[in-house]
Amino acid sequence: MAGKRWERVRVVDEPLTEYQRYELLAYQESQAAGEEIRVVTRSCAAADWGSDFWLFDPGVSEARAVAMDYAPDGRWLGAALITDLETVRGLAKIRLAARSAAVPLNEFLVSGDV
Numbered sequence: 015m016a017g018k019r020w021e022r023v024r025v026v027d028e029p030l031t032e033y034q035r036y037e038l039l040a041y042q043e044s045q046a047a048g049e050e051i052r053v054v055t056r057s058c059a060a061a062d063w064g065s066d067f068w069l070f071d072p073g074v075s076e077a078r079a080v081a082m083d084y085a086p087d088g089r090w091l092g093a094a095l096i097t098d099l100e101t102v103r104g105l106a107k108i109r110l111a112a113r114s115a116a117v118p119l120n121e122f123l124v125s126g127d128v
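Heads up, the sequence shown is in our numbering, so the first residue is 15 and it goes up one at a time.
Keep in mind that the hints were calculated from the coordinates and are not lab data. Check the hints yourself; a few may be wrong.
[Said to hold, decoys possible] Simulated crosslink set (SDA-like; lysine to any residue; CA at most 20 Å straight-line):
#, residue 1, residue 2
1, Lys18, Val80
2, Lys18, Ser75
3, Lys107, Asp62
4, Lys18, Ala77
5, Lys107, Gly48
6, Lys18, Phe67
7, Lys18, Ala47
8, Lys107, Arg78
9, Lys107, Gly126
10, Lys18, Gly73
11, Lys107, Gly64
12, Lys107, Thr55
13, Lys18, Phe70
14, Lys18, Leu110
15, Lys107, Val74
16, Lys107, Ala85
17, Lys18, Gly48
18, Lys18, Asp71
19, Lys107, Leu69
20, Lys107, Val80
21, Lys18, Thr55
22, Lys107, Asp71
23, Lys18, Ile51
Owing to the predicted nature of the structure, the values given are computational and were not obtained by experimental measurement.
Taking the hints into account, I'd like the entire structure generated from these sequences.
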């Protein structure tokens with residue numbers, strides 16, 4: 015993945031749900047493979063961050079995003095491709111804000127919240 019960034023910001027509840035606890039511990043494998051993972055608690059997250067999304071090549075004219083859709087119980091329902099550049103730019107701003115508010119996974123894990 016030379017020249018590419020692979021990162022995620024995970025918003026979690028306080029206290030963590032059992033699934034979030036499992037998920038954060040499992041993220042250590044992804045981190046070992048090169049993914050940069052940051053964590054922020056829901057109380058520190060901005061209300062306008064919206065739902066889960068993935069960004070691909072933000073900052074270029076071919077930038078794309080994929081919005082994830084989940085059921086109220088957390089079950090994944092599907093995804094929608096976003097090609098509108100203004101929408102993608104807005105999501106890129108949300109990513110930057112979320113990244114700034116979050117801490118690295120290892121820092122969160124040693125904080126005793128897991």
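Violated hints - listed by number, lowest first: Structure breaks hints 5, 9, 16 and 21.
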